[in-house]
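Visitor: Note that the protein sequences, when read in sequence, are chains D and V. So for the first sequence, UniProt numbering puts the first residue at 1; every next one is plus one. So for the second sequence, UniProt numbering puts the first residue at 1; every next one is plus one.
Be a bit skeptical, because a hint or two may be false.
As the list claims (entries may be wrong) - Label pairs and their in silico Cβ distance ranges:
1) V:T99 to D:R76: 34 to 44 Å
2) D:S283 to V:T99: 31 to 41 Å
3) D:R471 to V:E287: 13 to 23 Å
4) D:R471 to V:T166: 26 to 36 Å
As the list claims (entries may be wrong) - Derived SDA-like pairs (lysine to any residue); straight-line CA-CA distance at most 25 Å:
5) V:K219 to D:M336
6) D:K423 to V:E288
7) D:K221 to V:Y191
These are computed hints drawn from the structure, not numbers from a lab. Beta carbons: idealized from backbone N, C-alpha and C, even for Gly.
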Amino acid sequence: MAQQPLPSSVQPTDVYGGDEVSAIVLDPGYINTRAGFAGEEMPKQVLPSFYGHITSSNRDVFGDQAMYPRADFEIRNYMNRDSVVEDWDAATKIWEHALVNRLGIPRPTPPSKNGLNNKPKPAAEGEDVEMADEADLDETENYEKPMAENPLLMTEAAWNSPKQREKAIEICMENWACPAFWLSKTPVLAAFAAGKATALVLDVGGSNTSVTAIFDGMVLKRSVQRSPVGGVWLSSQIRSLFEASEPKVEVVPTFMVENKKPVEAGQPADARLKTFDFQISPSFRAYEEERVLKEFKESVVEVWRGPGRYLAPGNEDYAKNLPGRVFEMPDGSNQMWREQRFKVAEGMWDDNAAFPSATEEGKITKAQTVPGLIKAALDSIDVDVRPALLANVVVTGSTSLLPGFTDRLNHELTAMFPSVKVKLHAAGLSSERRFGAWIGGSILGSLGTFHQMWISRKEYEENGPGIVEKRCK
Amino acid sequence: MTSRDVHDVLNLPSDHSGAPRPSKKQKTSAPRPNLKGLAREVQNLGGDNPIAIVPEVNFFKKRRFATRKPVAKWELKAFTNSARGDDGALVLRHWKRRTDDGAPPVEGAQDGDGQQQRGGGEGTPASEKREEKPEDSAFAKYNVKVVVPHYTEDQYHSNLQNNDWTKEETDYLLELAKDFDLRWTLIWDRYDFTPKPPGGGGDAANGKDTSTAVVPTPKQRSMEDLKARYYEVAAKMMAVQKPAQYMTRPEFELYEMMQNFDPEQERKRKQFALNTLSRSKDEAREEESLLLEVKRILARTERFNEERRELYNRLDYPATDSDINSFKTSAGLQNLLQTLMSTDKNKKRKSIMPGEGVSPSNNSGVPNSAVSETNPANRRESIAASATSNNHHHHARRDSDARTPATPADPTPTSAAAAAANKKKGGGAQQQPERRKLTQQEEQVYGVSYHDRLGSGPTFRYEKINKLYSHKSGQQQLRITNALSELDLPPRLVMPTAAVTAQFEVLWGAVTALVDLRKMSDRLDGEIKIEEAKKAERDRAKGIAAEMEGEKEKGEGGGGDGAAAAAGEGGKAGEKTGEGGQTKEDGEKKRPESSGSLTAAGHKRSASVLSAASDKSSKRQKK
């Protein structure tokens, strides 16, 4: 039976240690940027970190709905593949868009207009005039400082550089006039979201896979391991698979298809493509193709569950007998995928099984596979905490939602550490896995005990941006 | 009446699937616990699946008139957090239920902080009232900080110097320890000390110059190094602030622990842990099974011991080899009953002390290892290979602890003789009930010492000494007193504190031992002398015969004269030394080695002289 709802007279602080101060949590990533109010269970705003740039008018447009084919239109990303902000101007704009325009942070009504100061004061008229003037000033100031009421909790990658961190607090304090700021590392927050203070966090995200040991709510810096084996890398593997398959599979993004007719499996597509009277930029096409690949990933790709590797003798034959899945491309061509759908993701676990990549950065080494990362992370930390970490392995990141991922991980870990108890903690809800770091930030930002941690505006003004390095350890 | 009865009556199959279940849809959570009368009967009809009794509701929703109180009012209240330590510079706001007793907040007090501050600047009384300090967060009290040791420059130089650590690095370490609340994993993880270039402040100011200068490479510190240094500093500073003897128990324990930190051992332990982590599944399984085996064996031993004890308890019944005729009357039976009851009482008391049941076997010569196994306190030791020797030592020590009033400084007996004496009497002390053994440190801290059984009423400590005296013969008493007075000790102690008495007792024991030894040696000497005299007599008889023969042969050659003369000379010299001893009273020359040449006459004299001399020699040794 569910818990009785609390009567409104009970102060909730006694119950769960929460104390909400309408803080905002901002969690930028390579694929998505998440924003929302602390204390909520999901981010209110999830918008792509890709943004459109119209070269002719030198204008940036944000959000999914702005991403349609148009002239002189480029797709850019303000983050780089390391999940670190690259273009700070764009970052500021996109964050402001997310927080102010879309999240709709309530701005305080200027005192001159909120009706509270309308009481006639016959006595001191001169003063009143002055007050009004000041109120006007306030109003303009408030407009420039859109978040003067809300503390901001931001996330960062564990390997973020001090310069980047200082830049973040500068923007928050100077541009938005937040009363307080905090910068937290994503693996820590992901661990919090799973309810752990000590954990080994495996974050399989869009552009990166990282393994980080968290001890008592702090990142162990020596343990941070990362590799490009993430969603984007997986897409490149899918491309390699399409290249290698017979006949070659063409990826035609949805926006190019005007109409299509159903065709038999394995037959060439019978579709009419749209023609545009302007140039479609390669970046836009790549972005749209990525969408198709993403769908393929979500609906077809599966991780070989183990035990043993996919390439181990017998496993591939077994996989061939498993029921396949049909995937229909936007242009109507469709095909049954059987053992390939296991093979595509096997590179994450076994560097020998990865498809040969055309680009240099697509190639991975043994140390970059998921087991390699975990091993390296554990080897670099004190032996006393290793069992505790292995008993609290937190799996997060959207790419970890591939079917069979946790099974395989469990097999790999138990094979690697036979004498230790390995316990995985992977949220069942897909949204919890996707927004792990944001949810952790939401929990942290609404905790009553956290309010002593905020870097306040005053501290920033006294110490400068360097304070973030001192405080957010 | 249960559902089964109903099923029986209605001739329904007993499993529930067949029976229609009434009103399954509307199930309330649980039946009310204490129903009465008919209601309970009805409830029981349901059996395992209680029938839900749902009140009939024929209207949708009642309007809530229950509380006629006005709607609860909530307000956006500003608050600070004192744990921040910034004097309320950060004012955050959260929704709080408005308290009824407080004055309703003045509207406008909630506008931004700037507004509030401006209000304060105006200085009107009204604005001052609403300028009340925002309340402190309820969570500020959870802010706990770890205390790391502090030291001044002087203290560092006098106490904490270390060749391996500079003061800067030590400072850095303590700073980290404070920042990370002594979580060593984190401290080690973040430890990144870069020593300042040796040039000093001038160079550092230049900035660019230092970057080109040779920077000494920071030392790689293992976690054990860091811990060892920190504990060293912490323990020393603890001792500086509070000497060890004044520490409370937890403080002392902490102090001991920090002082005894052994980085090498810790390193080995980690190595071991590493090996454990990397062992294979089979090895792990094997170890587990071994552990299980050990546990099983232990359990069996325990059971066995338990049975054995019980058996002994049973065997320990009152002796009934006397005539049973006395019990044939009812009075006799009554008598018997009472005896039995009293022995029963005794047994009950005995069974509390597990060592007790063993004592008969101990006296009757069962090997000591078996005894120690029955003693739960020692069980662990008995498992170890060196069970017997270990335990023997253990027992002896405990006995000696119990017997001699231990001085806090040195609870173990100093002289081997005392230990031997105690060991001899070990059997009796076994009877003492088990009680918690204090470690040496704890005894030291509490000032615990062990005593003999004290008689009733007050006693003086020196009386114990007197008692010891009275056991000795008069002559020995005299000698002991002589020895003591030689050492400038009064026969009766002036200030007989426990420590002094104990020390005196040790000394006294030594003196008695010496006196005893002297007595023994005297006796041996006497025997040797008698034998010597006998031999000399024999020799003389032989010598006379030889002389006679020699005289007879003197005409032939004087070669044989030498031996006889030597014998005669020896006899004379012996007499001389004997006299010398008498006159000079020099003990050293009267040592037994010289007594070989003593004559029978010398021996006669020596009895008194020797004793005096031996006293002297013992005194000299002491000096």
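Visitor: Each hint needs a verdict: does it hold in this structure or not?
Guide: Taking the hints in turn, this is what the structure says about them:
no. : hint                         : result
1   : V:T99 to D:R76: 34 to 44 Å   : 53 Å, violated
2   : D:S283 to V:T99: 31 to 41 Å  : 59 Å, violated
3   : D:R471 to V:E287: 13 to 23 Å : 46 Å, violated
4   : D:R471 to V:T166: 26 to 36 Å : 27 Å, holds
5   : V:K219 to D:M336             : 60 Å, violated
6   : D:K423 to V:E288             : 20 Å, holds
7   : D:K221 to V:Y191             : 10 Å, holds
Hint compliance for this structure: hints 1, 2, 3, 5 are broken, all remaining hints hold.
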